[in-house]
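Residue numbers (my numbering), protein chains in the order written: chain A, 92 to 487; chain B, 12 to 330.
It is worth saying that the hints were derived from the structure and are not from the lab. Worth double-checking, as some hints may not be accurate.
What the hints assert, rightly or not - Think about it this way: if two alpha-carbon atoms lie no more than 20 Å apart in a straight line, the pair counts; the simulated EDC-like pairs of lysine to aspartate or glutamate are: (1) 435(A) - 393(A); (2) 343(A) - 277(A); (3) 295(A) - 168(B); (4) 435(A) - 147(B); (5) 13(B) - 91(B); (6) 144(B) - 70(B); (7) 144(B) - 181(A); (8) 250(A) - 277(A); (9) 435(A) - 396(A); (10) 312(B) - 137(B); (11) 343(A) - 312(A); (12) 343(A) - 377(A); (13) 295(A) - 48(B); (14) 422(A) - 393(A); (15) 103(B) - 277(A); (16) 287(B) - 393(A); (17) 435(A) - 63(B); (18) 295(A) - 63(B); (19) 409(A) - 277(A).
What the hints assert, rightly or not - Among chain A residues calculated to face chain B with C-beta under 8 Å, some are: (20) 140; (21) 172; (22) 186; (23) 300; (24) 304; (25) 356; (26) 358; (27) 442.
Glycine included, each C-beta is placed from N, C-alpha and C at the ideal position.
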Amino acid sequence: MESVCATTSCLFVDITENRRLWNALQPQLSAIGYGKIRAVSKKTGAVIQSAVIGAGQVATQHLACISRLPGVRLAAVCDLSRALAESAADRYGANAWYTDHTRMLSELKPDIVHITTPPSSHFRLAKDCLNADAHVFVEKPATARFEEFAELQLLAQTKRRLLIEDYNYLYNGPVRRLLDSVKAGELGAVVHVEALLCLNILDKTNPFSDPNLRHPALDLEGGAIADFLPHLASLVYFFGGKACSVRTVWEKRKVDSPLPYDEFRATVRMEHATATLLFSAHSQPDSFRLSVFGSRGRAVADIWENRLTRAWLRPVAKPLIPFYNALEEAKVLRRSAFKLLWQKLGSGPGTFEGLWVLTASLYDSLASGTPPLFSLEDTMEVNRLVHELKQERNRF
Amino acid sequence: MKALVTGSGGFLGRHVVHALLGHGHAVRAVLRPASGDPPPEWKGRAEIVRADLRAPASEELFDGVDVLVHLAATMSGSAEAAFAGTVVSTEKLCETMLRTGSTRRVVLASSFSVYDWTAPKRALTEETPIEPKPYDRDGYAVMKIWQERVVRRLAAEQGWTLTVLRPGFIYGPAWPEVGGAGISLKKLFLVVSPFSSLPLTHVENCAQAFAVAAEKGLAGTFNIIDDESITAWRYAGKFLSHSGAIRIPVPYWLGLGVAYSAQCVSRILFPPSGGKLPAFLVPQRYRARFRPLEFPNRRAKETLGWSSKPFFDSARALT
């Protein structure tokens, strides 16, 4: 357990400590059931100038969050489409819109830029932003190729700027509670971690399988699955540490789909544990789970269904342990059903809650000068693992 | 005249191609790569081009084209996907048209959803203002407002002749259910404002309006509504005749009161802006769907010379 904490200590920062940020996000996050709010106030100083490059699908979550953060000004939205840039600026109250990011960077000199364009453009855009002395928050995958990320890392270090890849699911409620549980030693030493994502990207209504227009992520090594690997890799990394060796299975089971692969399995030997990463486009219903197996118990964080179930060695007579574990699990499942219904009715960020938490904490770090939730070295290790997983594809 | 018709594979698009061919014009019909085969009657008469307009269009698309009849819109997926598939595609298509420089006329399919439905006192006309708060409405209204804005701006900058047609609810075979008729609750069908006339246009009448507009090349905005007056009660009766669903009349103001109450409760439960509600419980959306008004079609008839045929009692109405 100690070793896990050493690797991931930055994750245990309680981001709800900042009352001002919490209050700003309260309407969106209250239904999610975040941890207790402690009355700690921080002076955050000057207004942070923020800009977003890419105004498509995922950008709406970034924009919605930034536009609500106190002490942050959404300076501009930039997109190759004038209509998209202008409409996003109009909707989220940005001061300006651009179709040329270099012009935006030179005219506005934003403190931080969110890059939410297709993956193949991330490297070039992030490089331009870092060279313009802006911090960068880039959507996953940070770059299409590992060598590009290594170059960005060096540049970020030289420029003393933050380079954050969006590992939003690390900050969804169940994963945060799972981290707390590991930190409190309830599960003992982490033995194994499993990240499982089942998502029907084969359906023709899914953008990855659009029969009319090829999705840009299909050009990544590994295709659409590579688009999800940063999520899986970041989840196992922050519980298991650095990857030492990997074995993978990449399969294409549906012959007539545009996806190069639709099933993926990986076994990873990590610094402090072993890990399995699984992606399935065939298994239904859609699900995203992180399971941690410890020496004293195990826990499953259902990320999309917003619940954490645990089974652990309780201080009761051994024959009664399964009984108490089952009682707790039943209680969690019942409560989770009602919470899910409530969440559907509410207007919160839903499964993007982690993105809001990560964004809010990042701006808090910028304002207060404290380190971000995870370091550039952590991001490098996650990217190295993603690279290894993709490389392994060619070895068999 | 040669017309480039986008969205040719859609419900309205097929009829517009048919109408243009019927008027003796040459047609280049754009179909998405994975959409089905074109109707057999187009064979040898319409030139088929397979393209997805979300990708940059080839300049050859406009070779010899006199008028662009732009009907394509993305009607499925998320609001963001629909916006990209409709507005950004329109922007790309117009940029290609601008580069070629030879085509200078556009007929754009817009919608009644762009109007501010709180503004009119008795009649909704072409002079009714555009919705000032599109983001309080639905994704469809947002994308249609922005699509018009994009084309109007380019047309003004380039001196193109732009005809904007705003049809009401388009009905016809394969598309019998229209939003304004009521709210479907499985075996029950709530007919809102049952004795008011719906702003309807049969797909064949609507297609004729596009063919006439392409021919005339007159700049302006025209609402397309059939002369035939059909109440919501009568319409629902016809299209529900085989389903066995029971019609229940709901006065407009009662429904609006329920929508305001639901919004109020939602704001108390999920402050400050409220949670998610079905479209008919959002007052702005409810109003845009059901508000009983007069829908004159004088401008389209007098300026374009368009006329509508009565279809509702014919076999081609809904089946």
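Tested hints:
no.: 1; hint: 435(A) - 393(A); verdict: 16 Å, holds
no.: 2; hint: 343(A) - 277(A); verdict: 40 Å, violated
no.: 3; hint: 295(A) - 168(B); verdict: 39 Å, violated
no.: 4; hint: 435(A) - 147(B); verdict: 19 Å, holds
no.: 5; hint: 13(B) - 91(B); verdict: 33 Å, violated
no.: 6; hint: 144(B) - 70(B); verdict: 36 Å, violated
no.: 7; hint: 144(B) - 181(A); verdict: 11 Å, holds
no.: 8; hint: 250(A) - 277(A); verdict: 41 Å, violated
no.: 9; hint: 435(A) - 396(A); verdict: 11 Å, holds
no.: 10; hint: 312(B) - 137(B); verdict: 13 Å, holds
no.: 11; hint: 343(A) - 312(A); verdict: 14 Å, holds
no.: 12; hint: 343(A) - 377(A); verdict: 18 Å, holds
no.: 13; hint: 295(A) - 48(B); verdict: 18 Å, holds
no.: 14; hint: 422(A) - 393(A); verdict: 15 Å, holds
no.: 15; hint: 103(B) - 277(A); verdict: 56 Å, violated
no.: 16; hint: 287(B) - 393(A); verdict: 23 Å, violated
no.: 17; hint: 435(A) - 63(B); verdict: 34 Å, violated
no.: 18; hint: 295(A) - 63(B); verdict: 15 Å, holds
no.: 19; hint: 409(A) - 277(A); verdict: 17 Å, holds
no.: 20; hint: 140; verdict: 24 Å, violated
no.: 21; hint: 172; verdict: 5 Å, holds
no.: 22; hint: 186; verdict: 18 Å, violated
no.: 23; hint: 300; verdict: 11 Å, violated
no.: 24; hint: 304; verdict: 5 Å, holds
no.: 25; hint: 356; verdict: 30 Å, violated
no.: 26; hint: 358; verdict: 35 Å, violated
no.: 27; hint: 442; verdict: 13 Å, violated
Figure legend: structure checked against the earlier numbered hints; hints not met, in rising order: 2, 3, 5, 6, 8, 15, 16, 17, 20, 22, 23, 25, 26, 27.
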